[in-house]
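Start from the sequences, fold in the hints, and give me the full structure.
So the sequence lines, in the order shown, correspond to chains A and B.
Each residue of the first sequence is one higher than the one before, starting from 30 at the first, in my numbering.
Each residue of the second sequence is one higher than the one before, starting from 7 at the first, in my numbering.
No lab work stands behind these hints, which were simulated from the structure alone.
Do not take every clue at face value.
[Claimed, not checked] Quick list of simulated restraints, FRET-style, between CB atoms: (1) A:A95 - B:L20: 25 to 31 Å; (2) B:P160 - A:A95: 51 to 57 Å; (3) B:R19 - A:D229: 29 to 35 Å.
A virtual CB, placed ideally from N, CA and C, is assigned to each residue, including glycine.
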Amino acid sequence: MADDAGRRPGGHIGQPHVRIDGRAKVTGQARYPADEPTTNPAWAYLVISAIARGRIRGMQLEAARAVPGVLDILNHANVGQEVKSPMGPDGKPTTTTLESDRVWHDGQIVAVVVADSFEAAREAAYKVVVDYEAETPSATFDSPGVQAEALKTDATHSYPLKGDAAAAFAAAPVKLDARYETPTQHHNPLELFTTTCVWDGPKLTIYEPTQSMWGLKAAVARQLGLDLVNVRTVSRFAGGGFGGKGAPTSRTAWIAVAARRVKRPVKLVPTRDQGFTIATYRAETQHHIQLGAERSGRLLALSHEGWEISSRPSSYNVSGTTTTARMYACPNIATKVSVVHADRNTPGFMRAPPDTPYMFPLECAMDELAHELGIDPIELRRINDTQTDPVDGKPYSSRSLMKCFDAAAAKFGWARRNPQPGSMRDGDWLVGYGCATSCYPSNIGPATARLSLTPQGKAAIQLAGHEIGTGAYTLMAIVVADRLGLAVEDVQVTMGDSDLPPVPGAGGSNNAASTTNVAAKACEEIRHKLALAAVQAGAGIFAGADPAGLKLADRALVGPGGRREPLATAVSRISSGAIEVHVENVPQGLAPDAAAALYQGKMSMSRGAERKDVTAFAFGAQFVEVRVHRRTCEIRAPRAVSAFAAGTIVNPLAAHSQYQGGAIWGISSALHEATEIDRRVARYVNDNIADYLIPVNADIGEMDVIFVPEEDHRVNPLGIKGIGEIGIVGMNAAVANAVFHATGRRIRKLPIRIEDLL
Amino acid sequence: MELTLNINGRDHRLSLDPRTTLLDALRDHIGLTGSKKGCDQGQCGACTVHLEGRRVLACLTLAATVQGRPVTTVEGLAHGEALHPMQAAFITHDAFQCGYCTPGQLMSAVACVHEGHARNDDAIREYMSGNLCRCGAYPKIVAAIRDAAPQMAPKTGRV
Ligand code: FES
Ligand code: FES
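Structure (structure tokens):
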């Protein structure tokens, strides 16, 4: 049964289901980490650096200490030795905080004030005076003093090379050669980056919103020199993640140290602006693309070179050339990426980390090439579509790209598009239609879970999973109900606590594939036990039957011909109470000890672009209508249509929200979001969510989503590809292409704003 | 300072730093953590509550200024087990993902209807634009309000 497709006739998988945690979320009962009741907490308030590069000469703390209620002020002089430096999102060294007097970036944590009340801690923090020895910082690309580092292939990134792209480009009858830029962006989840630490003897409990319960646990244990068993992380709900809560940050260990020093729970609710520098972000990128093609549109050469910003000590990078090299059939491919080190905080994962910034230039370039050739942009993709990976010739596990284009084009009304730029108008508005390919690699990791089933037909599944808005609780309930033949309401799901069996962090859209496949495996184990006992029993209707032929459906063990034995009878044959299993799942291609390694906080991942057997990606096509006002150049995006094929969809209701939310992120990324940097001081200027623009309700119009059916028997047993990130990937380029179609102006730098069109 | 706050029909006697906001009073002193802190500076709407039936941002309201004036939070929307029609509509339409903006969206949505601003989709979008949703649930929030509005009783003293 392990290799059947995800959906079964009459099952719950694929049926829309409202969220089982919906009631908790609409009544205010859902507990985000800062909502957990804490007895007599002290409050922490962060002091962050006012310079971007240099050293701390000293601090004047008298005025701060004199504030009534102040309990402690942590700084490098009094606690610097107590914590090992954290690792960055790539598991390698990153910027430090209180460990030394060094300032790596603006807004770095330099002191932590602890007081009896939030108000006192805040007042005292503003009274801390820091004496700096400041040096001139380098802010970003082209700032004096930045250092470029060309990257080499490593465990997570490769730089595909094939044929001779330079020669093929030189000889190509049609050439496109262009440079593109994407901006700095911050996740700005609506929830702040809170941390509460509580000690009970040697045991530390951390309430902190995270996308990686076990990753955070292991990181803090290492930093504080604690046994893993003595650290527990709790995050039952996270108020949005988007990658920003994927990697541990330096704040957590200091709050733990603070709690140990004041012998009370300590609670930190940092400010919105502090979130811009104490956590990660999407770094700005630059790209150089060269496409060479035949007059027919067939690609002859693709060259993609990228540059990304990182901090001084970290080479964190996203290297999306792993993806762009695989999009279209092309005999000659060259890719290269460099990290440019500046005096900045270390970037990290942000929704489709590699694909969002790297697909933008490729998909704009394809649109430019189509225009040059006089070929419809959809047809150019069709001409270069492929069912085998252009880099190494592996088959795609499934690739429904053109089905997505055709479905979205029909719904969008692409046929009404006059290809001539600037030709479509509605009163004072110039109307443009644009489209682009979307994609995301299908990743899956090892996972563990505990599952029980009572004779009354109640199931409970437990795992250290993450609900960051994806509908993870409901996903688990649907799969268990489907496989055990129960109602969704009969399944209790417990997650968000590292005392539960570990699963990988919720990132790289692996969560659905990783957790549903382990859940299905646990259900199969229970079915198998019940079936085996039933056929081996001396009496009973299935005595002597083939256990493989018995299924669980409608609270019964059901055999061929529809013969049924009630669940209560089947379960009681094995146990006087509930039957329980603990299951580990290691996906194909990963080391056999990959599940065991989870218990050490070590996570491995089978990545869709780097599998040995197949190349596994979800694909989509995104279309958008853009309107540019003839006089004011105001840009609106009143409607968009996105079609995706991502294998088995477990819960179409929540999946629709994920896709739609992703597409809204794409509109936002194309037209709204950018962190502005003051180049003289390497400081983020718009570090609040009024000046960091994200769409409000009135900015968003019709956002259609189409599910293109796809059955993928090779990607993983349930046929699940991730869907959390693909929604954003193609929208940037679709918008830019639509702006070109509306105005004839090709804007190669995001976000596109009024001033770009004046 | 000593003061009494009336929250969801119940009086709470508190001793607070005079600088305490209504949001922090609710969350950290009364234990009603439904109202959320997304910015603490009036930009996101996650802390929206009703003060005397009108929507206000609890992070920009000092607790001391609302003594004796009835406050309703998301915890006060349902009547026992029976959800407010707006809460039910949010669930049906999947009008949230992470749920962090949801308490504020709900309080604004109920007020939006009572204010007479739920006449059409464009009006809903406009009058719901003070509540950010980073997950991008906007189209579904609009759909939920459109659905719930006719089921809501005309405004009485309390929502
Ligand atoms: S927390 Fe009050 S508006 Fe954001
Ligand atoms: S549901 Fe996550 S911010 Fe709105």
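Here is what the structure says about each hint:
1. A:A95 - B:L20: 25 to 31 Å: holds (26 Å)
2. B:P160 - A:A95: 51 to 57 Å: Holds: the Cβ-Cβ distance is about 56 Å, inside 51 to 57 Å.
3. B:R19 - A:D229: 29 to 35 Å: Taking Cβ atoms as reference, R19 (chain B) and D229 (chain A) lie about 31 Å apart, which means the hint holds.
When held up to the earlier numbered hints, the structure conflicts with none and fits them all.
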